[in-house]
Amino acid sequence: MNFKGSHILSVNQFDREAIEHVFNVAHQMLPYAKRQKRTNVLDGAILGNLFFEPSTRTRVSFGTAFNLLGGEVRETTGLSNSALAKGESLYDTARVLSGYSDIIAMRHPDAGSVAEFAEGSRIPVINGGDGANEHPTQALLDLYTIQKELQAHGNNIDGMHIAMIGDLKHGRTVHSLSKLLCLFKNVRFTLISPNELAMPSSIIDTIQNSGHKFTITEQLEGSLDADICYQTRIQEERFPSQEEANQYRGKFRLNQQIYTKHFQSKTVIMHPLPRDSRAEANELDNDLNLNPNLAIFRQTDNGVLVRMALFALTLGVDTIVSQFDQKVHWHVNS
Amino acid sequence: MNFKGSHILSVNQFDREAIEHVFNVAHQMLPYAKRQKRTNVLDGAILGNLFFEPSTRTRVSFGTAFNLLGGEVRETTGLSNSALAKGESLYDTARVLSGYSDIIAMRHPDAGSVAEFAEGSRIPVINGGDGANEHPTQALLDLYTIQKELQAHGNNIDGMHIAMIGDLKHGRTVHSLSKLLCLFKNVRFTLISPNELAMPSSIIDTIQNSGHKFTITEQLEGSLDADICYQTRIQEERFPSQEEANQYRGKFRLNQQIYTKHFQSKTVIMHPLPRDSRAEANELDNDLNLNPNLAIFRQTDNGVLVRMALFALTLGVDTIVSQFDQKVHWHVNS
Amino acid sequence: MNFKGSHILSVNQFDREAIEHVFNVAHQMLPYAKRQKRTNVLDGAILGNLFFEPSTRTRVSFGTAFNLLGGEVRETTGLSNSALAKGESLYDTARVLSGYSDIIAMRHPDAGSVAEFAEGSRIPVINGGDGANEHPTQALLDLYTIQKELQAHGNNIDGMHIAMIGDLKHGRTVHSLSKLLCLFKNVRFTLISPNELAMPSSIIDTIQNSGHKFTITEQLEGSLDADICYQTRIQEERFPSQEEANQYRGKFRLNQQIYTKHFQSKTVIMHPLPRDSRAEANELDNDLNLNPNLAIFRQTDNGVLVRMALFALTLGVDTIVSQFDQKVHWHVNS
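Protein chains in written order, with the working numbering: chain X, 4 to 337; chain Y, 4 to 337; chain L, 4 to 337.
No lab work stands behind these hints: they were computed from the structure.
The structure presented is a predicted model; accordingly, all values stated were derived computationally and were not measured.
Treat the hints with care, as some may be off.
[Unchecked claim] Using 27 Å as the maximum straight-line C-alpha spacing, the simulated DSS-like pairs for lysine-lysine come out as follows:
#1 Lys269/L x Lys254/L
#2 Lys330/X x Lys330/L
#3 Lys7/Y x Lys37/L
[Said to hold, decoys possible] Chain L residues, not near chain X, derived (Cβ > 12 Å throughout):
#4 Lys7
#5 Arg77
#6 Ser92
[To be verified] One side only, chain L facing chain X, incomplete, derived with CB under 8 Å:
#7 Met4
#8 Leu12
#9 Gly253
We treat Cβ as the ideally placed atom computed from N, Cα and C, and that holds for glycine.
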């Protein structure tokens with residue numbers, strides 16, 4: 004896969020080699036994100052950070068990643084005031100806005116919209132989420148986190164065992180992550196959800212056709228030797244009614260007691276965030292915050308590294324970043 | 004006209020010499036916008052990009068223009084949360100906000116508001132549109148585009164023939180553009196609109212008093228030897244009802260077939276954008292996208308150059324920009 | 004008080020020595036804000052400017068202060084689209100967002116929210132206002148202004164006389180400012196408000212316990228030898244109804260005539276802004292704009308200096324700022 008000048012629209016673009024390339028570059032970004040040094044390789048470059056659907060954390064993560072490489076960010080949030088609302092086509096919007104920056108990160112509520120936009124764009128477009136369709140940088144940061152966490156235990160993705168829990172039907176992240184995992188060897192999937200919220204058969208087919216083992220179950224039962232427990236949230240907005248969403252509340256609850264009962268002491272806990280921490284949510288309890296295997300905040304930190312890597316690769320500066328190293332002059336908390 | 008430290012509020016400020024000065028500077032900005040090189044002449048300068056009325060493309064265009072000169076952008080979007088909504092005067096807002104940047108670009112829904120704001124401002128203010136009143140940078144980018152397009156055909160603005168089509172009553176852009184064209188010699192205007200949406204008599208008077216020729220007609224008829232066809236959109240928001248707006252829909256439709264019938268093969272097609280591309284819009288059809296004379300996206304690209312020129316001129320750096328040239332280290336799509 | 008790596012959450016953190024330290028650093032920022040020179044000491048640093056409650060002037064002031072030190076700004080405005088609205092805890096939000104910048108300035112509508120957020124943050128957090136609770140940078144800029152204005156008359160804070168007028172019950176700024184003034188010596192307070200809107204007894208106790216003199220009165224009467232007249236606005240949003248707020252309208256009006264009648268020719272007029280300039284507001288009349296003692300716009304200018312100082316101190320660059328001095332190449336209005 005040639006990244007330079009390319010759009011990043013879907014996890015389907017990636018083969019194993021491409022993923023490992025991204026992850027190698029992401030790893031080289033760590034000293035910059037940790038503020039051991041900084042770089043101005045993209046000094047003067049402009050990111051168009053177009054969030055036609057608002058999302059604070061993903062938007063800021065993209066912007067920060069670009070700033071960490073030395074670039075500037077021009078931003079737009081929301082759809083209601085945009086020309087798109089006045090009937091402008093995605094093609095026109097892309098033709099115009101791609102004249103205002105060097106690269107674009109874009110989120111939009113409609114499935115397929117980012118790819119349609121990319122056709123009109125004269126510069127690389129990175130998909131920051133297009134409705135129920137794709138969110139490739141989330142899948143990549145999830146997989147990067149899995150690799151890092153497993154490496155810390157002396158393991159790697161080949162041969163790993165992942166338990167996915169919760170709403171596996173609507174969860175865009177578990178679909179994309181499963182596709183990426185299928186590019187590796189001998190992965191075991193334990194898919195835990197009620198029948199109504201089961202993993203779609205297309206994903207199951209992909210898992211099966213790539214020769215991986217999987218178990219489908221409705222309950223979290225017995226003792227699982229999973230390396231990763233990937234918990235999802237109830238996507239309330241995808242259910243016909245709040246009542247229907249509520250009936251699944253708490254069925255996939257994870258707290259320290261449930262973790263101890265069903266998982267190993269080394270099992271890493273992941274979640275796409277945000278987690279609902281209201282008392283009635285029963286999703287991923289705060290008592291897990293003290294558990295060193297709770298990797299949810301390492302996930303978001305890793306998101307910055309992965310996005311830096313994608314910017315560096317698509318703008319063709321991945322091999323020269325360190326030629327522009329600078330010192331950090333301010334105090335950094337250790 | 005002395006630009007240094009001045010406000011840019013209205014096309015009425017400009018004489019022919021001033022326009023040509025702006026256009027010469029704008030032309031020098033092209034290598035920066037095309038990323039053949041970059042400049043940091045405004046490194047450390049701050050633009051206050053105050054869009055009290057949202058407008059994605061104009062806002063981002065101003066911000067990008069400032070970034071391309073090396074400066075930073077602080078931004079505000081919308082009116083509802085601002086102090087203006089709590090009864091603060093434009094004078095107070097200007098006194099306060101002009102302490103936060105080196106120059107201001109401002110859009111506001113009320114006619115006259117930007118000029119009123121400028122009276123309280125301690126730094127230059129560039130009008131980014133004040134309701135139905137003025138949008139001088141749009142007029143300048145339109146005229147700059149006309150000059151560039153005509154030069155490509157070996158012609159120039161003196162002696163040109165422009166057809167303006169559509170809602171000439173409410174279209175702020177055609178009013179301002181007409182005023183600027185009147186500063187040149189022997190321009191011919193063909194003004195095509197239904198009587199109800201005709202060009203205001205004040206603009207007609209200006210055209211007549213400056214000795215230019217014009218034709219007023221209700222229909223696009225026969226063969227026009229126009230150099231420029233400037234198509235406008237129905238400003239739905241200015242009509243008493245949607246029904247009233249709808250009765251004019253399609254009356255000024257331009258597609259490849261109509262273009263071929265009424266215009267020359269060299270006639271340049273312009274439009275202030277956004278264009279409505281919904282099936283029922285019948286405004287400027289997508290089949291024109293393949294027509295090399297469709298200049299609408301060159302217009303928005305030129306907008307960045309013109310805004311860069313105005314920033315450079317008002318901040319007095321127009322003659323030293325290239326002293327701060329830097330290399331572009333990232334991949335640029337050709 | 005050790006500023007490096009610390010949160011700035013409340014005026015209660017400050018003793019007299021700390022305040023004087025902040026003010027000394029703020030004073031050194033003046034040449035940068037006046038554009039006599041610039042600095043890039045924070046080149047590459049990122050401010051997370053998180054305004055979960057919108058506030059144009061405070062938000063832009065923080066962003067500008069960071070830009071003036073050479074840093075970049077990532078921003079968020081409003082609460083409705085944030086993860087907080089989906090039930091994410093302030094702790095989670097802080098853990099995530101503190102991975103995206105080097106320092107955070109935050110405003111939030113709920114009292115105590117910024118301190119709660121700070122507990123989860125891995126980087127310094129500066130309180131930009133948490134509902135009715137605290138807005139420490141406003142109190143510091145008010146006090147800095149008082150010091151500067153008094154020094155211009157050959158006086159200082161010790162021994163000064165301040166008249167506070169208006170809604171002293173709901174005015175967060177007068178509470179915080181009073182606390183800070185109590186750290187100095189022999190301050191005289193004249194507190195003018197109707198009984199229903201009187202200064203809370205907790206603040207009165209603080210004034211009394213620190214040995215300062217105060218007078219409480221319902222009317223602006225006679226001649227006051229106040230050095231400072233601090234006028235407040237009716238906080239309409241804190242009253243049960245608009246009617247209740249309206250009954251106090253005009254009771255604390257200040258215009259040139261009232262000023263001349265009750266104050267000395269040297270009395271400095273301050274106000275936390277925005278002031279309501281609508282005809283019916285009767286708050287702080289525009290005829291005072293010509294009065295050289297009207298310091299309200301010097302207050303907002305000083306806000307930039309104080310925020311620059313707090314950024315420099317918490318990031319530990321206060322002593323090296325001038326090592327990174329650069330020339331200003333653009334025209335600056337004198």
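Now the hints, each set against the structure:
Distance restraint check for lysine 269/L and lysine 254/L: the Cα-Cα separation of roughly 23 Å lies within the 27 Å cut-off, and the hinted pair is therefore satisfied. In summary, the hint linking lysine 330/X to lysine 330/L is supported, as the alpha carbons are separated by about 21 Å, within the 27 Å threshold. About 18 Å separates the Cα atoms of lysine 7/Y and lysine 37/L, which keeps this hinted pair within 27 Å; it holds. Non-interface status of lysine 7/L relative to chain X is broken: a Cβ of that chain comes within 12 Å, the nearest being about 5 Å off.
Taking the minimum C-beta to C-beta distance to chain X, about 5 Å, the non-interface status of arginine 77/L is violated against the 12 Å cut. With a least CB separation of 4 Å from chain X, serine 92/L falls inside the 12 Å interface cut-off, contrary to its annotation. A hinted interface residue such as methionine 4/L counts as satisfied when its beta carbon comes closer than 8 Å to some beta carbon of chain X; here the least separation is about 15 Å, so the hint is violated. The interface hint given for leucine 12/L is violated, since its Cβ lies 16 Å from the closest Cβ of chain X, which is over the 8 Å cut-off.
At about 38 Å, the closest approach between the beta carbon of glycine 253/L and any beta carbon in chain X exceeds 8 Å, and the interface hint on this residue is violated.
Going down the numbered hints, you'll see the structure goes against 4, 5, 6, 7, 8 and 9, while the others check out.
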